[in-house]
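Put chains G, A, C and W on the given structure of chain U with help from the hints.
Chain order of the listed sequences is U, G, A, C and W. Under the numbering used here, think of the first position of the first sequence as 114, with each following residue one higher. Under the numbering used here, think of the first position of the second sequence as 48, with each following residue one higher. Under the numbering used here, think of the first position of the third sequence as 53, with each following residue one higher. Under the numbering used here, think of the first position of the fourth sequence as 50, with each following residue one higher. Under the numbering used here, think of the first position of the fifth sequence as 584, with each following residue one higher.
Calculated directly from the structure, the hints in this document are not laboratory data. Mixed in with the good hints, there may be bad ones.
[Said to hold, decoys possible] The calculated EDC-like cross-link candidates involving lysine to aspartate or glutamate, where the alpha carbons are at most 20 Å apart (straight line), are:
#, chain 1, residue 1, chain 2, residue 2
1, A, 500, A, 417
2, C, 140, W, 676
3, A, 427, A, 415
4, C, 140, W, 678
5, A, 653, W, 678
6, A, 426, A, 412
7, A, 426, A, 415
8, A, 427, A, 498
9, A, 500, A, 615
10, A, 500, A, 358
11, A, 500, A, 415
12, A, 653, A, 643
13, A, 653, U, 404
14, G, 424, G, 497
15, G, 424, G, 154
16, G, 424, A, 166
17, A, 427, A, 417
18, G, 424, G, 405
19, A, 653, W, 681
20, G, 424, A, 165
21, A, 500, A, 412
So the chains spell out like this:
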Amino acid sequence: MSPALRASLPFLVLSAAIVVVMLLIAVRRDHRMIATVTAIGLLASLAAIIAAAPAAPVAVTPMFLVDGFTLFFLALVLVASVAVVLLSHAYLDGTHDGPYDEYYLLLLLATLGAGALLASVQFASFFLALETLSIALIGLIAYPRGRAGAIEAGIKYLLLAGVSSAFLLFGIALIYLDFGTMSFAALGRLWSAAHGPTDIYAYTGFAMLLTGIGFKLSLVPFHMWAPDIYEGAPAPVTGYVAVVSKIGVFALLLRYFVLMDGYHDPSLLRVIALVAILSMLIGNLLALLQDNVKRILAYSSIAHLGYVLVALLAGGVIGIEAASYYLAAYAVTTIGAFGVVAVLSQQGSLHDTDRLDAYRGLMWTRPWLASAFTAFLLSLAGIPPTMGFIAKVYVMTSGVGTLLIWPLAALVIGSVIGLYYYLRIIVVLFSPVRDAEPLPPKAGVSWAGGLTLAVLVVLLIGLGVYPTPVIALAHETTAGLMPHQKTIHTAEILPTR
Amino acid sequence: MMLVWLILIPLLGGLLAWPAARLRAAAARWVSLIAMALDLLVLLLVWLRHAGPIEITGGGRWIAMFDAPWIPQLGISLRLGLDGLSLLLILLTIGLGFVSVVISWTEIGERVGAFHFNLLWTIAGTIGVFLALDLFLFFFAWEIMLVPMYFLIALWGHENRIYAAIKFFLFTQGSGLLMLLAILALVFVHQRTTGTLTFDYFRLLGTRMSPSTEMWIMLGFFIAFIVKLPAVPFHTWLPDAHTEAPTAGSVILAGIMLKTGAYGLLRFVVPLFPLAAIRFAPIAMLLGVIGIIYGALLAFGQNDLKRLVAYSSVSHLGFVLLGVFAWNALALQGAVMQMLAHGVSTGALFIMVGALQERLHTRDMRLMGGLWANMPKLSAIGMFFAIASLGLPGLGNFIGEFLILIGTFRVYPAFAVVGTLGVIAAAAYALILVQRAFHGPPRDAVAAPDLRARHLAVMAALTVAIVYLGVYPQPVFDMASGGLANLQTATHGVLKLAEGDPR
Amino acid sequence: MIHDLWLVPAFPLLGAAILMISAGRLPSRAVALVGVVPVAVSAIVSAIIGIGFMAAPPSGHAFTEILWRWIAIGGFRPAVGLYLDPLSLVMMLVVTIVGFLILLYSTEFMAGDEGYSRFFAYMNLFVSAMLVLLLASNLLFLYVGWEGVGLCSYLLIGFWYQDAANGLAARKAFIVTRIGDTGLMIGLFVLFTHLGTLDIQPLLHRAASVWPHGSAIASLATALLLIGALGKSAQIPLQTWLPDAMAGPTPVSALIHAATMVTAGVYLIARMHGLYMLAPAIQMTVAAIGAATLFVAAFAALNQHDIKRILAYSTVSQIGYMFLALGVGAWTAAIFHFMAHAFFKALLFLAAGAITMRLEHHEHDIFRMGGLAKKLPVAFWSFLIGSASLAALPLVTAGFYSKEMILSETWAHGGAVPILWAAGLVTAFVTALYIFRAVFIVFFGEAKTPIVGRYGIRIVLPLAVLSVLAVIGGFVETPNGLGGVTIFSRFMGSVFGPAPLAAGATETALLVFASLVSLSGVGLAWLLYMRPAPRFAAWTQTPSVVAWRAFFLSGWGFDVVYDRLVVRPFLYVVRINRHDAIDDVYTGIAEASRGLHRLLKLTQTGRIRWYAGWLAAGSILTIAVAVIR
Amino acid sequence: MNATFYLSAAIAVLSTVLVITRANGVHALLYLVVSLLAVALVFFTLGAPFAAALEVIVYAGAIMVLFVFVVMMMNLGDAAAVREARWMEPKIWVGPSILAILLTAQLAYMLDSNTMSQPHHAIVPARAVGIAMYGPYLLCVELASMLLLAALVGAYRLAHTEHGRL
Amino acid sequence: MTTIPLDHVLILPVLLFALGVIGVLVRRNLVFILMSIEIMLNAAGLMFIIAGARWGQPDGQVMFLLVLTLAAAEVSVGLALIIRIRHRLTTLDSDAADLLQG
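The shape of chain U in the complex, shown without the other chains (with noise of 0.2 Å):
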C-alpha cells in the first residue's frame, strides 16, 4: 500500500461508509440499523487513523496533507460525530418525522466535509471540503421538517452561509490574482518573501477569507447567526455544528496561519486580536441574562473560539499544544452539553427542550443526568477538576508566553462573565422543583445517550485531572505543525502553478 494511500485510509474508510448507508436505506430503511452502520462506520475510520499514522505526513495530491495535525483533529472529530450519532438515535426515534436514514447519510457526508477540511492545505479542497459540510448540515439542521424553527434555521443557515461563501471566495480570489498560487505553503514563502506587508489585494483578500472563516467559526462580528441556528436546529445537529463544523474549520485555519507565516505580520495578529477580542467580550455579554439553554451555549461557544483564538495567536509549540487541547476539551464539553440538551428533547416535539425554567430542579428529578450537565458547565467556565479548566490554563500559558496583554485581559474579564451565566443554569438545575412546569414525558435516557453522556463526563474528569495522554498525543502529532520547514515540503512536491 502506498503510503498516500495508507495516510487517506480513513478518508477512504468515511466514503465507503456513505456509499454502504446510502445503499442500505435503498434496500431497507431501518433506523437502528443505519444508525448502526453509521456508527461502525466512523467508528472504523477512527481504527483507520490507527493504521495510517505511521504513514504520515505524506501528502495526497497538492492539495491534501495528511500528518500528525490531520489525524489528531480527524480522530476528534469522528468521536465527537460517534457521539452525536448516538445522542441522535433516540431523539429521533419513535416521531412521526421520519424517515430518518438520510440523517446519517448527512451526517456522515458533513463529517468527510470537516475531515477533508482538516487535510486541506490548497484553497481549492479547502473551499469544496468547507461547502460539503455546509451544504451537509444545512439538510441536518432542517431535517426536522415539521419544526418552523428548524425550517427558518435552515434558510437563515443557507443563506449566510451564501453571503460568507462568497465573501471567501472572493477573498481567495484576490489573494490568488495577487500571488498566482493557492497552495498555502507557497502562499507562506510569497507572503513574507517576494511581497511585503503593504500588499492590499493579499491583505483585502485575507480580511474577505476571514470573513468566510469567522463566519463558520461564529466569531464577532459574524457571529449573529449563530443562536438563531444553534436554537432552531434538532440538539445533536447543535452540537455537531458547534464542535465538528468548528472544529475542521479552526483547524484549517490554524494550519493556514502558520503554513503562510502570519506571525510576522503584525496586520494579520492585529485583525485576528481584534476578533478574538470583541469575541470574548461580546459573546459572554450576549449571554449573560439569556434564558434559552441553546442559545446561551451558542453565544458561549462564540466566546469560547475566542480564547481559542488566543492560543492560535500566540503560536508556537506551545499555542498549537494549547489549542488542539482547548478544542479537544470543547468537544467534550460542548458534545456533552448538548447532548443533556438532546436527551430530554424529541424531533416530534415543535420545540426541543431548551427553556432555562424547564430545567428547574432537574438536580432532584434526574440527578445523574443534572450531575452530568453541571459538570459540562463547570467544565465551560473553566473549572477544575475539569478538561475546560487545563484547557484554559493552557490557552492562558501560551498567551501569557507571547505576551499577549489586551487578548488576555478580554479573556480574563470574558470568563468572568461567562462564570454569571453558567452559574445560572446550575443554579436553576439546583433549585426546588416548581409543580406547575412538568419536564416533557419522556420515559428515560436512553441506553446509547446514557452510555454517551456517561463516557463523555469520564472523559471531561478524567483527562480534567490527568491530562498528560491528550497533551502528549497533541505534543506528538499537532506540535509538528510548527516547525513548518520540515514537514511542508512533502506538500510541494507537485506545485499547482
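Positioned in the frame of chain U, the structure of chains G, A, C and W alone reads:
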C-alpha cells in the same frame, strides 16, 4: 504519601457520605465525622513520626514532603509539603471541620448527603491549598475549594443565597484568573532565564526579573489573595456570602477559607517577590489599615447580626494584611496567631448567630434584645466571643493583634498607630452586638430554648481553644516559627540587599 | 509564703470560674460562699505575705516570681510573672481587704437579684484582674489586668442589662477607657521598640541609662502611658464615663469606681515613676491635669442631685489630687491618698448604698431624702465619718493626713508657681462644702421617702470596719507638727526614694490654714443647707446662676462637646455608609454589564438581511483593520 | 475585442442593477440571465472559453431554469410584484447602499494601490483545464461529487413528503 | 489576444459583487436574496477567471467550475427550503422568519 492521604480522606469521605445519606441521614454525618477524625489522626502521625526535618536548599526545613509527576510536559508535579505554618492551618481546618459537622447535625435536614459531600470537598481543597508546593497544584486546589463552597451557599443558604453565592464565586474566580495569569507569567520568566519550564515552588523562589515585571506579577498574586482575605476594596462579597451561607458554611468560610488568602500572601507573595513586596508594603499595609477601620465602621452600622460579624472579619483580617507586610518575626507570628484566633472566635460567633437564627428565624438585631433572660448560656457565650473579637488581653485575638501592631510599629509606626485606633472601633461594634442582641428589655416574642449539649460542647471546645491561645500561646509560636523561618529563609538574601530595612 | 504570691490572684479567678461554669445553678447561699471566700482567702494570704514582707524584706525590697513563659519570639519575651514591692504590696492589701469587705456587704445587698451568681462571678473576676494589674512584673501582663478590669467594669456597670441606659453607660465606660488604653498600648510599642523589653524593672533601668533627662522619646512614651492612665482614672479629658458608670450596683461603684480600678492610672504612673522623672514636661502635665480635674469635678459634684453622682464626681476630684501629687513628684503622698481614699470612698459608697436600699424605689435623689439621721443611724454615722474623711476634717480623719501631705509637697514643689497648690486648696474647701451639702440634705430636715427593711450584720460589719479604717488609716504618716509619724513613707522609700524633708514652720502654717479651709467649707454648708437663707434660695434661682448650675450639673459640658465632635460624626459616617459604598462600584459594574447585554441583544433581531448586513459590515471592518495602518 | 469586453461588462452591470431592483420575479430572473450571458462574454474575452461555455450552459441554462421553475410554481404573480415594490421603499436602500459603497470604496482603494502586471494574454484551453482537473485537482472533483450528493440528499429530504404533498 | 488593462477588468467583479451585496440587503423576498447570492458567487467566479488569466493558469477556470458546483448545490437546497417555507409560513418574506431571535 501520608500527605496525599490528608487530602484524599476528606475527598473519599465526601464521595462516601453522599450515598450514605440514602441509607440514613445520620450516616452521612457519621461518615464526615470519621473522615475528620481519620484526617486528624493522619496529621498527628505525620507530625509525631517524622524523622527530623527535610532540608530544602533555599526553601527551609520541612516536616514532610511528597513529590510525584503530574503533567510533566508543563513541569507540573504533585508536590506537597508540610511545615509548621501549614500544619497549624490544617489543624485549624480539621478542627473547624469537626465543628462544622457537629453544628450541622440538626441545622441541615435536606439533602444531607450532598451537603456533607460539599463540606468535605471544601475542606479537602483547603487542605490542598495549605499543602501545595507546586503553583499549578496550588491553583488547582484553590479552585477546587471554591466550587463546593459555592454549592454550600447556593443550596443551603438563606433568603438571598443565589445572589451571594454568585457574587462570591465571581469575585474569587475572577481574582483567581488574575493569579493564574501571574503564575504563568512567573513560570515563563523563570523559563526564559533558566530554560526550564516548572511550576515547582522551590525552583521558582529567587527567580530573577526586572523590578517592573516583578511588581506586575506580584500584583496578580496579591489581588487574588486580598480578594480572598478580604481586604478593602475587594471585600464586598464577604458580607453577602457570610450572611447567606448556612452556619457551617460561614464557619468554614470565615474560619478557614479567608486564611487561604493570608497563607497565600505569606507563602507566595513575599517569598517569591521579595523586592516588589517590600516596595509595595506601604500600600498593602495602607489597605490593611483601611480595612481595619472601614470594616469596623461598617460592622457597627449593621442590623443583621451575621453581616456585623462578617464586617468584623474584614477588620480582623486587615490586621493580618498589616502583619504580613511588616514581615518581621513578631508581626508574622502575630499574623499567624490572628489567623488562628480569628478562625476560632469568628467561627464561634457564626455558630452563635446560626443557633439564634435556628431559634428566632431572624438575624435582624432590631427584632432581638434581652435574649439573656431566656438564653443565658447562649448569650454568655456570645458575649464571650464578642469580647474575644474585640481583642481582650488574655484571649487569642489580643495576642495576634498586639504582636502584629508591635511588629508593624518597628517598620511603619504610623500604620501601627492607626491600626491601634481600630481596636477602639472593634470595641464599639462588639459591644453594640452584645447590647442589641443580648441586653436590653426582653421581648415577648422571643421565647426559645437555650443552647443544647451538642452546641455547648462545641462552644466549650472553642472557648478552651481561644483561652489557650491567649494564655499559653508559646507552643503555637514554636510550631509556626519553623514555617515562618522557611519563608524568611526564602527572602533573607534579597531583603538584606534592600537597604535600611529595619526588619 | 511569699512564693505563694500567685495564689492571691488565683483564688478569685477560681471563684469566678466556678461561678461561671455553674451557670447560675448553685443555690444563693453557695454562691455567696464561693463569691466571698476566695477573696477572703486572698486577703488573708496577702496579709500574711505583707507581714512576712515587712518582717523580713526580700533582697532589694522586691520579689519577682515568673509563673510561665508566655511569649518568646526573638527578643520579645514577656513572661507571666508577678512582682511584689512595697508599692504593689500596699495596693494588693487595700484591694483584697476592701474587696473582701465590699463582697461581704454585697451578699446582703444583692440578695434576691436574679443575677446574684453572675454578680459574684464578675466581682471575683474583677478582683483577680485588678491583682494581676497590680502584681504584673511585665507591662504586657499588666495590660491584661488593665483591660481585664475594664471588662469587668463594663460588665458590672451594665449588670442590670434590661435597662438600655445601663448598657449605654457601660459601653461608654469601656470605650472611653479603651481610648486611653490604646494610648497605653502604643506606649508599650514605643517602649519595646526603643528599650527592647517590657519587663518593668529592667525597662526602668534601661531607660534611665539610655534616655537622657528630658529626652523627646521619654516624653513620648510617658505621654502615651499618661493617656492610658487618664482613661482608666477618669481624668480630664477622659473623665466623662465615671459619673455614668454609677448605673451599676452600688458595691460595684464602691469597689471598682472608687476604691480600686479607677486608681489604676495612679498606680501605673507611680509604677513607672522612673520614666516620668526623665520627662519633666510630661510630669508637669500630669500635675496640671490633676489640678484641673480636681477643680472641675468638685464644682460638678457641688451641683448633683444623685447621691452616687456626687460621690462619682468626688472620686474624679480626689483622683485629681493623686495625679497632682504624682505630677509634683510626691509619689508616696499619691499612694497614701489612694489608700485613704479607698477606705473613705468605699465607706461613703457603701453607706450610700445602705441608704438607698432602705428607701422605697431605691431613691437616689438627695432632695427626696432628708431626715434620715435618726431613721438610719448606721448609715448616718458611716456616711458622716466618710464625709469627714473626704472633707479632711483635721486630726481625726485619714483624708486629712493624706491630703495634707499632698498639699504640703505641692507647696514645696511649686513654690514659684503656687497655682497648683491654690487649686488644691480651693478644691479642699469646695470638697467640704459639697459633701456636707449632701450630709445635711440627706440626713437632716424633713423625711420625704418612707423607709423599708432592716440591716443585717453583713451590711453593718463592713461599714464599721471601713469607718474605723477611714479614721485610723491616716495615722501611718503624719506631718511633723502632729507627731511626725513616717511609717508609710519609710516603707515606700525603697520604691520612691527618701521622702523630701518638710519645711518646718511653713508646713505648720499651711497645715493650720488648710484645716481652716476645710472647716469653713463645712461651716458654709451648714449655713446654706441647714439654715437656708431666703436670699440664698433666691440667688440660686437667678438666670445666670441657673445656667451655671446646669453647666456644672452636666459635668462642665464635656459630654455635649464629645457628642458633637466625636459621637455624632462617627454615627453619621456609619449611617451614610451602612450599605457599603464600595459595593456600589461592583453593583455598578454588574448593572453596566446587564445594560450592555440588553443593548447587544437588540442586534439579534432574527432577520436574515440584518445579519447579512452585519456580515458585510464586519468584512468592511476587518478589511479596514488589515489594510489601514 | 476590447470593445466587446467593455460592452458586455456594461451590459452585465446594468442588467444586474435591474435584477436587484425589479419587483417582478420573472423579470428579474431574465435580467439575471442576461447578466450571466454578458459575463460569459467577458470570460471569453479573458481567454477562458471553457468557462464561458459552462457559464452559459450550466449557470444561465440549468440553474436559472430551476429558478424560473420555482418562481412559476410559487405563482409569484402581480400581487407578489406589488408587494415586492412596496417592500423596496427608498429608505430601505440607505443602509445597504452605504455598506456597498464602503465595500466598493475599499476594493477601489485596493485596485488603485498598485497596477497589476498585465495578463499573459494566452487562451487557457479546455484541454488544459481538463488536465488540471484530473491531475492535481482530482480529489477535489471527487469531493465535489460528495458536495453534490449532500445537496441532493438535503434537497430530497426537504422537498419530499410522505403524504405526497408539500 | 486582447490588451484590456487588468485594472479595468477588475472593476467588473468588484461592481458585481457590490451589487450582489446590495441585493441581499435590500430584498426581502427569499428568492431574490438567493438570486443576489448567485450574483455574488458569480462575481467571485469572475475574479477567479481573471486571476487565472493573469497567471495563464487553468486553476482559475477549475475554481470557477467548483464555484459553479457550489452554486448549483446551494440553489437546489435553497429552493427546496424555500418551497417548504412557502408552505409552512405562506410567505417568502425573509423578515417574517424571525421566530428565532434575541
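Of the hints stated earlier, which fail here?
-> Hint 9 contradicted; others consistent.
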